[in-house]
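Chemist: Chain residues, written in single-letter form:
There are 2 protein chains.
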Amino acid sequence: MQKIIVELGSRSYPIFIGEGLIDKPEIYTTLLKTKQVMIVTDAVVEKLYLSRVIEALNGVDVYKHVIPAGEIQKNLESMNEIITLLLKNRFGRTSCLIALGGGVIGDLTGFTAACYQRGINFLQIPTTLLAQVDSSIGGKTAVNHKMGKNMIGAFHQPHGVIADVSILRSLPDREYTSGLAEVIKYGLIRDHKLFMWLEEHIEELTDRESDSLSYVVEQSCRNKAEVVAIDETEKGLRATLNFGHTFGHAIETGLGYKYWLHGEAVAMGMIMASHMSVLQGWLSDNDMERIHSLISKVGLPNQLPQLLHSKDIRDLMSIDKKISHGRQKLVLLKAIGEAIVTENFQESFLQETIDFFHSKIR
Amino acid sequence: MQKIIVELGSRSYPIFIGEGLIDKPEIYTTLLKTKQVMIVTDAVVEKLYLSRVIEALNGVDVYKHVIPAGEIQKNLESMNEIITLLLKNRFGRTSCLIALGGGVIGDLTGFTAACYQRGINFLQIPTTLLAQVDSSIGGKTAVNHKMGKNMIGAFHQPHGVIADVSILRSLPDREYTSGLAEVIKYGLIRDHKLFMWLEEHIEELTDRESDSLSYVVEQSCRNKAEVVAIDETEKGLRATLNFGHTFGHAIETGLGYKYWLHGEAVAMGMIMASHMSVLQGWLSDNDMERIHSLISKVGLPNQLPQLLHSKDIRDLMSIDKKISHGRQKLVLLKAIGEAIVTENFQESFLQETIDFFHSKIR
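For the record, the sequence lines run as chains Y and P.
Offset between the first sequence (1-based) and my numbering: plus 923.
Offset between the second sequence (1-based) and my numbering: plus 923.
These are calculated hints, taken from the structure and not from any lab test.
Among the clues, some could well be false.
Identical copies look the same in the list; a pair holds intra-copy or inter-copy alike.
Stated by the list, open to error - Lysine-lysine pairs mimicking BS3-like chemistry, simulated, CA-CA at most 25 Å apart:
{"hint": "1", "residue 1": "K1181", "residue 2": "K1011"}
{"hint": "2", "residue 1": "K926", "residue 2": "K1257"}
{"hint": "3", "residue 1": "K1158", "residue 2": "K956"}
{"hint": "4", "residue 1": "K1257", "residue 2": "K1158"}
{"hint": "5", "residue 1": "K987", "residue 2": "K970"}
With the hints as extra help, turn the sequences into a complete structure.
Modeler: Written out as structure tokens, the structure reads:
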């Protein structure tokens, strides 16, 4: 088992990474300071893992709340339901929530913990690769508003993260592969060594071999923890974690959040941002080729989906700009392992990038 | 004009106190870092002050949102409505909310600012004495759940507080007097000098004479700011601000939050907590007499309301205890100007106190 600390002073917390962790009572004993917890999970994860977690929580007063699976559940009404249950069962300020699931469960449970009586503890038990390497770490919690994703939220750090990598073997192929996009992202923005490791171990990775799962989750968590420790509330550095996401969100929104998974859109977004970095004269053609190659080989998209118009992508990308009343910021690459957040890019390269990939849609 | 700083490192902010401040453009210029603001207010305050604030905000892109007056508006639906407006008008992370009103408006607006895009700035323009001396300062924000007040909330500090004491002269007598309870509270828990000043200036105070208004608001804000700077999230010292509130909440709840104003219940709660402090052998009979006398002279209640049963009060007081799964804590006095938060009180004195005041109901 590996242990990585997210260093945030008095709010520091551990991420435990390893095989079969959810069955180990001592993990929970280490993390819990209360005898009263409520596990929030979805109907899919419930069937696979809930009873195992409850068994390991032997001796603790465990309540559970199961919601249907899906992003549509991530809203204020779902939060209000959980709060009703907490009040009915007299949960106090020292009690604890446990998020058992993917990003939707983690975001919803975390935001509820942030708001209940102005903030109680919560633990993350992420059950997808995306959640294990990204969303469960760093305290970004939120629910959706009908006009925008994650528009209602808080920075509220968990009290601990339990990343049981054996769970990753039960994921559908596409969901697992989607999570690899965020792993590749860490290599691209700040960890050339990780990127090279990924290039050399594609087969073990797609086979979900135990050591390679542990390695990529550990390295990803370490990168995320370092960034969050330096810039918890995204004043600067943390924005580099959005590499590929501005293009990616435009794709997701353009598709109405259907057909493509988040990681797939991010992967395509990373290819586009890399292409634009080449046009800027920052990234070499050789690095671009390596990025394109790795993303393609793990099975992530390297071309835009049909149904998307070039103008749509540009318009959707500028939503952020309009909202902030300022100049659009993009995360671009200076090299593999070195990202920058900048407003100083050439506007025409942005359109050129979109047109280039749009023209390649078959 | 007086200026008091709430010292919270990078989140420090000023409280401006004086006559006619809401009309002064330079106050807003000092505090605002954005050209896009939304004022949230209620229908009563709107008629009296909204146009004056908008006029002073000359040159700023001002949106407004007016809700009906009343505690019932302090809920998640009202927050969601404000967020819809913010999104429709493309408010970004650098925009700002302004809470123009009493505690309900401040709490609702502050919590909305805490959650919108994981936190934006907000200003407080408190229009009641209670809000000027207490609720607008210190970053406690919340909305109510149908099962409990302030159960959904956040610690989110404002970017500045504008306490225009001339507004206090427009308040109904009972609302003004209710606010004095919190002023007296600061004297009792940590400021003997303020308490003595109040004893000597009751007439100027009840006449709402300009200098005395400025003095009590300033001294109250200074006390609150000092406590919040030491213990922002109520791990210890800040709990002394709840002096009189455990008894007070029991009274408010027992009355279904009708008939009595918050400050009236707190005043009676302070008398009860003081009485219990005497039983503990901590507070002198003479100090008790001074407390009883000051509270009575300013026109606040010194006996329990009819309709309340002795057992009800005890039961309602123990709700906190059941929720926290621990021993009940109370704020009691060692002397005028010295409060302690303690679990180490004699249980029988609590019942004795309730019975004593219950027997005096006429």
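Chemist: Please go over all the hints and tell whether each is borne out by the structure.
Modeler: Hint by hint, here is what the structure shows:
1. K1181 - K1011: between (37 Å within a copy, 24 Å between copies)
2. K926 - K1257: Cα proximity of K926 and K1257: none, with 31 Å in one copy and 48 Å across.
3. K1158 - K956: between (32 Å within a copy, 16 Å between copies)
4. K1257 - K1158: Within one copy only: 20 Å inside, 46 Å across.
5. K987 - K970: Result: close within a single copy only, 13 Å intra versus 48 Å inter.
Violated hints amount to a single one, hint 2; each of the other numbered hints is respected by the structure.
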